[in-house]
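Visitor: What follows is the residue order along each chain.
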Amino acid sequence: MDFASFLIQTLNSLQYGLLLFLVASGLTLVFGIMGIINLAHGSFYMIGAYLAFVLASATGSLFMAILLGIPLALIFGALLEWALFSHLYKRDHLEQVLLTYGLILVFEELRSLLVGDEVHGVDIPAMFSGSIALTEVLNYPVYRLVISAVCIVLAVALYFVIQRTRLGMMIRAGNHDRTMVEALGININMIYRVVFALGVALAALAGMLASPISSVFPNMGSHVLIISFVIVVIGGIGSVWGALAAALIVGFADTFGKVLLPELSGMVVYLVMAGVLLWRPEGIFKKG
Amino acid sequence: MNAQLFLKLAAVAILACVPLTGESFYTELLAKTLVLAIFAMSLDLLVGFTGLVSFGHAAYFGVAAYAVAQLSPKYEAASLWVVLPASVGLSALVALVVGLFVLRTKGIYFIMVTLAFAQLAFFVFHDTPLGGGSDGIYLNVKPSAEIAGWVPFDLDNQTHLYYFILAMLIAVYAFLGRILQSPFGRVLVGIKSNEHRMQSMGYPTFWYKLAAFGLAGGLAGVAGFLYAVVFGFVTPELLSWHQSGNVLLMVILGGMGNLVGAIAGAFVFTGMQEVFATWSKHWQLIMGGVIVAAVLFLPGGLAAIPGRIKRSLQGGGSNE
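Residue numbers (our numbering), protein chains in the order written: chain Y, 2 to 289; chain S, 130 to 449.
The following block holds chain Y by itself, in its conformation from the complex:
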C-alpha cells in the first residue's frame, strides 16, 4: 500500500468511524442513563436516510432535507419516548429487547409501505460534489471530508453540552443515580425524553449524512445497529468518549480490514471486539 492510498483509507476510516460515533453515542447514552437496550436504534439511522431521500426529492436539496429532518427526528424521538419507551424503564432487559425488536419490524414495514423496497440514490449538494487531488491520479471526494467535519463539530458540541452545561450536569447525574437526581427536585423524566430525542436525532442525522454515499436501501439500519453494539461493548456502556474512541477503532479496523484482508472483511470488527472482551470485558473506557 503506497502512501496516497494509505492516506485515502485513513480518511475513509475517520469518516466512517465518526459517522458511527453519531449513531453509537445516542445508543450508549440511552443505555447508560435509562438502562434501556434499544434494538430499534438502527431503524432511526434508516429513517434518517429515507427522510433525506424523501425530503431531498421534495425540496431539491440535501441541505433543506437535513434542516427539516433534524426537528422531525427530534419530535419523533420525543413522541416515541412518551408513547413507548417511558413504559420500559422498570421492565427487564428481555422485555425491552422484545418491544424494540417488534418496533424494527413495524418501522421496516412502514418504510416498505410508504416508500417502497427499491434502492434510491441521494445527490450530493452541488457545492460539495467535487474532489480534492491528493496525487496526480488519486482524488478524494469533498463530501466525505464534509461529513467528517460535521461529525467533529457535533462531537465537540456534545462534549460541551455534557461537560459544561446545566443540562449536561443533569444528564451525567442521571447516568449515575436516578433516585438521587429525582430527590434533588430535577424532573428526570424530562431529562430522559431529551436524551432519547437527542439520540434519535443523532442517529437520523448520521443516516441523512450517509445517504449520498451509501445510497438508501431496505434494512440498512440493522448492520449499523450491530456495529454500534460492538462500539458500545468496546467503549463501555454509558461512556460517550469511550464510544468516540471505539467508533474510530471500528472505523479503522473495518476500512483497513477490507483492504488488507478482503476475505475476512466482515469479521475483522467482531474479532477486535472478541479481543477486547478477553482483555477488558467491561469495555476499554469503563470506569470502575
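Mixed in with the good hints, there may be bad ones.
With a cut-off of at most 30 angstroms between alpha-carbon atoms, the simulated DSSO-like pairs for lysine-lysine come out as follows [claimed, not checked]:
(1) Lys91/Y to Lys235/S
(2) Lys439/S to Lys137/S
(3) Lys321/S to Lys439/S
(4) Lys161/S to Lys410/S
(5) Lys91/Y to Lys321/S
(6) Lys439/S to Lys91/Y
Derived by calculation from the structure, the hints in this document are not laboratory data. Model, not experiment: these values are computed from the prediction.
We have chain Y already, so just place chain S on it with the hints.
Guide: Same frame as chain Y, but now just chain S:
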C-alpha cells in the same frame, strides 16, 4: 400430575395423527414447527432456566445446518449416524468457544455480545468459501439411516421424516426435563435467581453457565440439522439476527422457564406468521404491532393468561 401426563400424551397422539390425513402441506408446516419447537426449547434452557438472554442463538442452529450441507457428498447420501452427531457436536463446540467470550459479560452486554458473535458467524458463512455466499448450499441428497444394509426409515419420505422429527422433539424434551431435575439443572436455576449466592456456596458458576451454553448450542444444532434435512438447502439467513429474534420471541410468547411453553410458543409464532401472511404482504407490520402491544399490555407472556383469568374469576375482577 397424571392429568398433565395425560394431556401431554394426548398432544403427542394428535401430532402423530397429522401425517395420516395425507395433507402434505400441513405435514410440512408442522414438521417445520416441531423443528422450531426444539430450537425454542434449547434457547429456553438459557433464557428461562439459567437467566442468560442470548440474542445470537441462531448461530448454533445455522452452524449445524451448514455442517449437514458441507458434510454430505454432492450426489450420494451421507450416513445419518455420522452427520447428526458431527453437526450437533460442531454446534456445541462453537457454542463452547463463543461461551468462553460472552460469559465474561452480564446483562445488556451479554445480549449485545451474543448478537455480535452471531453476526460474526453469519459473515463466516456469507463471505468465506465455507458457506457458498448469500445463495447458500443445496443439500441434494438427504442423509440415509442405513445401518449395515438395514434401512430402518427413510428421511426422503415425508411421513418418515415427520415421525423422526417428532421423536427427536420428544427425546429433547425428555432430555431437558431430566437435566433440569438433576443437581446440575438445579444449579442453573439457582444461578438464574441469585448467582452470587451460588458462588458463595462454592459453585463455579462460570463453568456451569458454560456447560449450559454449550448444551443449548448443541440442542439448537439438533434443530438446525433437522431444518436442513426438511428444506434441503441452507442460507446465511438461518444465522441472521431475525432468526435469533424470532426464537427468542417464541420462548417469551410461551412464558420463559417452561419447556411446554417453549413448544407452544413455536406453534403460536408459526401460526401467527401463517395467518398474518395470508392477510397481507406486509404481515411483519402486524407481527411487530402484536409484539409491541404484548409487551406493553401483557407482561409475563401467554403462559400468564390462565393465571390471570383464574385470578380475575376468583377475585371477582380485582387484582390480588
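Visitor: None of the hints should be skipped; say for each whether it holds.
Guide: Right, here's what the structure says about each hint:
As the CA atoms of Lys91/Y and Lys235/S are separated by approximately 18 angstroms, the hinted pair is consistent with the 30 angstroms bound. Between Lys439/S and Lys137/S the CA atoms are separated by roughly 22 angstroms; this keeps the pair inside 30 angstroms, and the hint holds. About 27 angstroms separates the Cα atoms of Lys321/S and Lys439/S, which keeps this hinted pair within 30 angstroms; it holds. Note on Lys161/S and Lys410/S: the hinted pairing holds, with a Cα-Cα distance of about 21 angstroms set against a maximum of 30 angstroms.
Note on Lys91/Y and Lys321/S: the hinted pairing holds, with a Cα-Cα distance of about 19 angstroms set against a maximum of 30 angstroms. Of the supplied pair hints, the one linking Lys439/S and Lys91/Y holds, its CA atoms being roughly 26 angstroms apart against a limit of 30 angstroms.
Checked against the numbered hints listed earlier, the structure breaks none of them; every hint is satisfied.
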